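K.L.:
Based on the provided sequences and hints, a complete structural model is requested.
Number of protein chains: 4
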Amino acid sequence: MSELISHESLSRKEREKRARQKEILKAARELFVSKGFRETTLDEIAHQAEFGKGTLYNYFDSKEEIFIGIIEQAVEETLAIAYESIAAPGGVREKLLLYAHRVISYVKDNGELFHVIYHELHRGDAPANVAKLREIINRSHGAWGVLAEPMRTGIDDGTLRNCDPLQLVVLFDGMLRGYCFQRFVVEPARPDDDFSAAAEFITSVFFDGIVERKSKG
Amino acid sequence: MSELISHESLSRKEREKRARQKEILKAARELFVSKGFRETTLDEIAHQAEFGKGTLYNYFDSKEEIFIGIIEQAVEETLAIAYESIAAPGGVREKLLLYAHRVISYVKDNGELFHVIYHELHRGDAPANVAKLREIINRSHGAWGVLAEPMRTGIDDGTLRNCDPLQLVVLFDGMLRGYCFQRFVVEPARPDDDFSAAAEFITSVFFDGIVERKSKG
Amino acid sequence: MSELISHESLSRKEREKRARQKEILKAARELFVSKGFRETTLDEIAHQAEFGKGTLYNYFDSKEEIFIGIIEQAVEETLAIAYESIAAPGGVREKLLLYAHRVISYVKDNGELFHVIYHELHRGDAPANVAKLREIINRSHGAWGVLAEPMRTGIDDGTLRNCDPLQLVVLFDGMLRGYCFQRFVVEPARPDDDFSAAAEFITSVFFDGIVERKSKG
Amino acid sequence: MSELISHESLSRKEREKRARQKEILKAARELFVSKGFRETTLDEIAHQAEFGKGTLYNYFDSKEEIFIGIIEQAVEETLAIAYESIAAPGGVREKLLLYAHRVISYVKDNGELFHVIYHELHRGDAPANVAKLREIINRSHGAWGVLAEPMRTGIDDGTLRNCDPLQLVVLFDGMLRGYCFQRFVVEPARPDDDFSAAAEFITSVFFDGIVERKSKG
DNA sequence: AATGAATGAGACTTCATTCAT
DNA sequence: TATGAATGAAGTCTCATTCAT
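Protein chains in written order, with this note's numbering: chain A, 1 to 217; chain B, 1 to 217; chain C, 1 to 217; chain D, 1 to 217.
The hints are simulated quantities; they were obtained by calculation from the structure and are not laboratory data.
Quick look at which bits of chain A chain B covers, simulated, 3 or more residues with Cβ under 8 Å: (1) 152–165; (2) 181–192; (3) 197–211.
Derived contacts from chain C toward chain D, CB cut-off under 8 Å, selection only: (4) His-115; (5) Gly-158; (6) Leu-160; (7) Val-170; (8) Met-175; (9) Arg-177; (10) Tyr-179; (11) Ile-202; (12) Val-205; (13) Phe-206; (14) Ile-210; (15) Val-211.
Every value quoted in this text rests on a predicted model; they were computed, and no experiment measured them. In this text, a Cβ means the ideal position worked out from N, Cα and C, and glycines have one as well.
P.N.:
This is the structure:
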């Protein structure tokens with residue numbers, strides 16, 4: 001029994017540590033997103049997380065480790081969206097429609113997170129953690145690979161034009177990011193409108209193009 | 001006459017001042033693009049521009065003013081691309097194809113410039129120059145408006161689907177940015193391939209969609 | 001009876017407390033000697049002593065108190081060496097020879113302990129414990145006084161040159177420290193050689209000088 | 001002529017830089033000696049040197065570089081003393097007597113400088129500059145080698161006992177350091193007495209020993 | 001007009017000490 | 001009593017900006 005207790009107590013400690021880490025990441029994430037990584041000070045993070053400055057160092061080795069933690073979170077979330085989407089019932093179109101939905105919601109809630117991340121990731125002065133970052137970046141781009149699968153299926157069964165499926169994913173993703181940027185960054189004040197319609201419109205443009213087709217013959 | 005002379009001399013001075021400013025902007029631009037705004041020091045800019053550090057302050061009031069100068073340059077260039085594109089002969093499709101060309105070349109040559117700019121522009125703690133920046137941002141988004149014109153024409157004459165033309169521009173631009181990001185940031189090492197083909201492919205997807213059409217039957 | 005019990009229990013407690021203090025001092029001493037006082041953290045001491053960090057404060061009021069404890073130990077040991085030496089059978093020469101032996105062994109085993117202590121003791125910004133430190137320092141220099149006794153005897157009975165006996169002790173001690181510094185700090189890698197011979201040589205130089213004497217003639 | 005001017009101006013700049021470096025070293029040296037290296041803050045050095053904190057970094061890359069600068073100074077001075085001493089007219093005894101004089105004066109003026117230096121030099125966590133420090137340390141011990149020369153001469157011509165000359169230097173130096181420690185550190189308050197007599201006494205003990213010799217018989 | 005040495009606010013990080021459990 | 005998470009003062013170092021030359 002003492003074993004159980006000790007096990008439980010260890011588990012509780014570990015759980016509490018994880019919880020604190022998440023709290024800190026949450027606070028830092030908000031600030032990083034609204035101000036950028038370099039522009040956010042540890043004092044601000046500590047204040048936002050309602051901890052003392054030194055306490056942060058009990059959970060992360062450096063400011064950079066906090067940033068890496070956030071990136072890991074975001075990458076996991078991105079991958080989750082991709083996997084959820086391809087698990088949707090139906091064909092490619094249905095899956096991408098769901099993906100569009102999810103991405104728009106995600107960006108709406110998380111703002112410029114990806115912008116900040118890309119900004120920091122792709123710079124020359126990558127710090128000591130090059131190896132870890134490389135791995136994370138690769139995982140991140142893995143989301144494209146996940147979505148490429150149903151695309152390939154569509155190509156193989158003759159539903160879609162014959163071309164590089166990864167390329168197609170990139171273009172679709174590009175349209176989504178473009179939309180989100182214009183919608184949430186350039187015109188953030190506009191009241192929420194129908195994001196479902198937006199997702200459908202984008203998906204429609206991607207599959208059918210923008211040329212008007214006199215249906216009927 | 002002394003007025004004339006003084007006027008001429010002032011004019012020469014003015015011209016020289018502009019020339020110096022451009023040199024500084026050129027140096028700063030290279031550094032900002034490769035290292036980011038915060039990470040570039042005035043020492044580095046001064047060294048790259050082959051001026052003394054103090055001299056920079058004879059041409060710009062602050063580091064931020066230099067950044068604004070670069071943004072202005074970039075916005076002008078972006079607008080120029082938009083105007084050139086819509087001036088191309090032919091219909092919407094030809095104009096957008098040219099735009100795709102131009103954007104890909106531009107990003108290839110200027111790297112992450114836009115990334116850095118967006119990163120800095122859309123931050124909460126915009127400093128004293130809010131007004132000036134707002135104006136620049138608006139001009140920047142003006143490029144979308146320029147491209148929206150031919151789009152509207154296409155819609156009006158029934159060639160294109162009936163929808164918000166600005167929205168369409170945003171999606172097309174998004175595909176281009178997505179492609180460029182994947183091509184120049186994620187896979188920068190890949191040898192240059194046929195960018196014309198890429199531009200045509202993207203334009204084709206945009207106009208015709210990705211669905212395979214059994215032409216005729 | 002309860003008094004007795006309580007007294008006994010207190011006594012046991014007291015004994016245990018002393019034991020714990022010694023354990024802590026032992027751990028701290030090793031670290032202070034190899035890393036210096038300022039460079040050793042309480043975390044390291046706690047880990048080395050296999051106690052929790054907070055527990056240390058049940059036995060010492062501050063990091064500085066730990067250091068003082070170590071100094072006290074060292075001073076006691078130094079005095080012990082002095083007293084042992086003068087208790088040796090024989091005359092001044094035999095006593096000092098034993099002292100040389102002891103000091104060399106002690107420095108060999110305790111490394112730079114004295115160096116660290118002197119370094120910390122003789123600083124301008126002596127903290128709150130000035131009084132206590134002064135007292136300890138005086139005790140420490142007392143070792144010289146102890147050794148001065150047989151020296152004075154030698155002077156009085158005409159065996160040694162007539163001069164200040166304390167001065168002589170200081171010079172002899174200096175030679176020993178010089179030897180130890182060169183032997184254990186400058187050339188620590190050299191394999192152990194005959195320290196007895198060294199002690200004898202030093203003692204011989206001190207008593208007889210370095211001038212070659214044509215014995216007899 | 002412009003060449004000459006430019007050459008002169010460069011030289012002036014260089015000279016001024018050296019002068020500033022020396023000012024900073026002077027200020028830092030005083031503080032390091034009285035408080036120790038770790039205990040002296042950059043703010044204090046800056047204040048003592050009457051410079052802004054940032055200015056120090058125009059002349060030294062880090063606090064550690066300042067310390068290294070001081071060590072280099074001290075080592076040069078030590079070597080100078082050694083070389084001056086062996087250049088003195090007369091035999092070994094006269095040379096060592098001069099050395100004793102010089103060392104006592106030097107320690108009187110520079111206090112615990114060497115103590116601080118040794119303390120910092122011989123520790124485990126030697127920083128990045130291991131190579132440079134090693135070289136400096138070796139130069140420093142070179143002073144012993146310099147003094148060993150006349151010692152060897154004395155041995156060779158039969159004046160001195162046959163033994164390792166370096167060993168002898170170490171012992172003589174030890175006596176001097178011991179004397180200085182007792183005189184300037186332990187009893188700093190004592191009014192200046194006759195240091196010449198002290199130097200002569202120490203030299204006499206070293207050469208002749210402390211045993212009373214019934215001259216004549 | 002050109003320069004770069006001087007400046008000090010502010011950044012990240014460490015660590016002795018406290019205190020709730 | 002034993003613990004170690006929490007704390008914030010204090011340390012080193014950076015860099016945009018100023019100003020005397």
